[in-house]
Amino acid sequence: MRPRLVVLAWLLTDLLLFPAGYALAYFVRVGWIFSTDFPFAPYIGVAAAVAPLWLAVLVSTGIFRLTKPQQGLPNLLALLYAGIVGNALFALTYYFLNGLFFSRLLLVEALLLSTILLRAWHLIFERIGRGILARNPPAFPTLIVGVTRESGRLVALLRHTKNPLQPVAILDGKGSPEKEVEGVPVLGKLDKLEDTLRAYGITHLVQCSDIEQSLNLLSACRARGITYVLLPSVLGIVERDERTDSLEGCVVTVVAPPKKSWRSLGIGI
Amino acid sequence: MQAFILAGGFATRLWPLTEKRAKPLLPLAGRPLISHLIEKIPEHIPVIVSTNAAFFPGFQEWESTVPLNRHVRLLVETSRSDAQKMGALGALAEWITQENVQDDILLLTGDNYLGFSLTHFLSAARQGVPLLASHDIGDRGKASSFGTVLVDPAHPTSITGFEEKPKEPKTSLVSTGCSLLPKDVLPLLLAFAADHPDNVGGIFEELLRKHIPVDCFAFEQPWLDIGSFSSYLEAHRLLVGPHALLDPDATLDTSACHGSVAIGAGSKVRGSELADCIVFDHCDIENCVLRNCIIDDHCVLRGIDLDDQMIRTGTVLTRS
Chain C
7 MRPRLVVLAW LLTDLLLFPA GYALAYFVRV GWIFSTDFPF APYIGVAAAV APLWLAVLVS
67 TGIFRLTKPQ QGLPNLLALL YAGIVGNALF ALTYYFLNGL FFSRLLLVEA LLLSTILLRA
127 WHLIFERIGR GILARNPPAF PTLIVGVTRE SGRLVALLRH TKNPLQPVAI LDGKGSPEKE
187 VEGVPVLGKL DKLEDTLRAY GITHLVQCSD IEQSLNLLSA CRARGITYVL LPSVLGIVER
247 DERTDSLEGC VVTVVAPPKK SWRSLGIGI
Chain E
682 MQAFILAGGF ATRLWPLTEK RAKPLLPLAG RPLISHLIEK IPEHIPVIVS TNAAFFPGFQ
742 EWESTVPLNR HVRLLVETSR SDAQKMGALG ALAEWITQEN VQDDILLLTG DNYLGFSLTH
802 FLSAARQGVP LLASHDIGDR GKASSFGTVL VDPAHPTSIT GFEEKPKEPK TSLVSTGCSL
862 LPKDVLPLLL AFAADHPDNV GGIFEELLRK HIPVDCFAFE QPWLDIGSFS SYLEAHRLLV
922 GPHALLDPDA TLDTSACHGS VAIGAGSKVR GSELADCIVF DHCDIENCVL RNCIIDDHCV
982 LRGIDLDDQM IRTGTVLTRS
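The listed protein sequences derive, respectively, from chains C and E. Under this note's numbering, read the first sequence as residues 7 to 275, first letter to last. Under this note's numbering, read the second sequence as residues 682 to 1001, first letter to last.
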């Protein structure tokens, strides 16, 4: 319930902030008055009408995934992309309803200000949302499989960043002398899997080792509607040069050494 | 004499097959492993099966399949997980104490397959002398995983030394999950078990330390300690041979079987290729290629190829 409410609040606030950005641009451009030459009411009305379409475009970029950090460049680009689409939709809608829009510079300012406003809000909301989702009991109790240095780093990272996926228990296929990793209890071997999934209400399972048990962990996750996550290091991919791709419609994991080439732009093989 | 079968382990190395089933209840050539063992025990000897609380229901179900002329009784440890278990020797000692056992004990390990006759084994025993069944596995490297047995070259039935899982084994003759403990040594066993409840092999070291003679029953027939995926499949190959062993309620349509294949009750295999596989009960396999796989109950596999896999019960893998 908590994650849904957080996402709902996020969507609603974004829906309000988009026309708010346009209103801000209006006052910056026109001055802190309601100009009769540049009527505010139809202007803000169109911005409000376009906002749901703009939001739909933004949703399609995957920016509202709760586990996705907001700081990165891809998220800024997603906001900019949706902003440009929203801007174009605004101009088009305004044209159909009221004729040509009165200021090209205002359009540019609306795009920039709404993007900046939303970017700032997303960064703030990320902290609020993570605080709500990560507090005990966490919204997404996560089971880590494998006691390795890689899993230790992951647990530390998830806890430090207050990621919505909060590790609550660790199991290891071959058993581990460790009693806990970064404060997360190591409960034993995989024979405790079912009990652990049930007792902790696990929503996500991250496999960090024991490749031979992938099918069985997947099976347990499918049976309980749990999201299964696999660290690439389990497959020996440790250099962060992997990506998911498609070969004639078949999803494949591709590992290619990073090169400054066309490939970095998504062009080529 | 009474037979005591140790079946209280949690078999974590064989997860997920042992998730809800004790290792001695794993099917081997169409029957639970423990049934192979029970059949070898002379009928007049009552049998105690020591298990844990987690696997007790499974043993109760199995007990109902034991022929009525066999005297089999289940003994339940209170442990429900690997961390709580009292230890094999601890369980034996508790039974001896609680029931004031004053008999010779035929001690057997529930996850071992013994190829030799227990009647021959018992007839080789001398009055009041412990007897340990030993098998030469022919590889000193592998012997480090077992208890090794040193015998007097002049008297090969006389054990001169015993080492539990030595780092550098001096011999490839290893102890198996079969021994005879005369009633005279039970007080010593109880004292040893108090400090070493999980060290079954250690009792023979202790006996030798106390200068109590221990005899060796060396045998050449097959012996299998089923503790891992590979040893389970090896036991399966040995017992099933190059055949397909189908339960009367299983169906095999337009499929090819290579090597040793066992298919359990209610399972259906269609349009598939199976090589050295054990398919448990009520599985549905269609258009698959499975090699060296063990498929637990109620699995549904369609259109997939698998090698060297143990698949947990209820797994559904269907290529869309």
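Don't read these hints as lab results, they were simulated from the structure. By construction, the Cβ of each residue, glycine as well, lies at the ideal position given by its N, Cα and C atoms. Fair warning: there could be bad hints in the mix.
What the hints assert, rightly or not - Coverage of chain E stretches by chain C, computed from C-beta distances (three or more under 8 angstroms per stretch; other residues unrestricted):
#1 693-705
#2 990-999
What the hints assert, rightly or not - Restricting the straight-line Cα-Cα distance to at most 30 angstroms, the calculated cross-link-like pairs of lysine-lysine (DSSO-like) are:
#3 C:LYS180 <-> E:LYS864
#4 E:LYS846 <-> C:LYS185
#5 E:LYS851 <-> C:LYS198
#6 C:LYS180 <-> E:LYS949
#7 C:LYS180 <-> E:LYS823
#8 C:LYS185 <-> E:LYS848
#9 C:LYS185 <-> E:LYS891
#10 E:LYS891 <-> C:LYS198
Hint-by-hint comparison with the structure:
With a threshold of 8 angstroms between beta carbons, the proposed coverage of the stretch 693-705 of chain E by chain C holds, since 5 of its residues qualify and at least three are required. For a cut-off of 8 angstroms, the count of residues in the stretch 990-999 of chain E with a CB near a CB of chain C stands at 8, and the three-residue condition holds. At most 30 angstroms may separate the alpha-carbon atoms for a hinted pair to count; LYS180 of chain C and LYS864 of chain E exceed this at roughly 38 angstroms. With a C-alpha separation of about 26 angstroms, the suggested pair LYS846 of chain E and LYS185 of chain C falls inside the 30 angstroms cut-off, and the hint holds.
Note on LYS851 of chain E and LYS198 of chain C: the hinted pairing is violated, with a Cα-Cα distance of about 38 angstroms set against a maximum of 30 angstroms. Taken as a hint, the LYS180 of chain C and LYS949 of chain E pair is broken in the structure, with Cα atoms around 33 angstroms apart against an allowance of 30 angstroms. Note on LYS180 of chain C and LYS823 of chain E: the hinted pairing holds, with a Cα-Cα distance of about 20 angstroms set against a maximum of 30 angstroms. Distance restraint check for LYS185 of chain C and LYS848 of chain E: the Cα-Cα separation of roughly 27 angstroms lies within the 30 angstroms cut-off, and the hinted pair is therefore satisfied.
For the suggested pair LYS185 of chain C and LYS891 of chain E, the alpha carbons sit about 39 angstroms apart, so the restraint of at most 30 angstroms is broken. This hinted pair does not check out: LYS891 of chain E and LYS198 of chain C have alpha carbons roughly 41 angstroms apart, beyond 30 angstroms.
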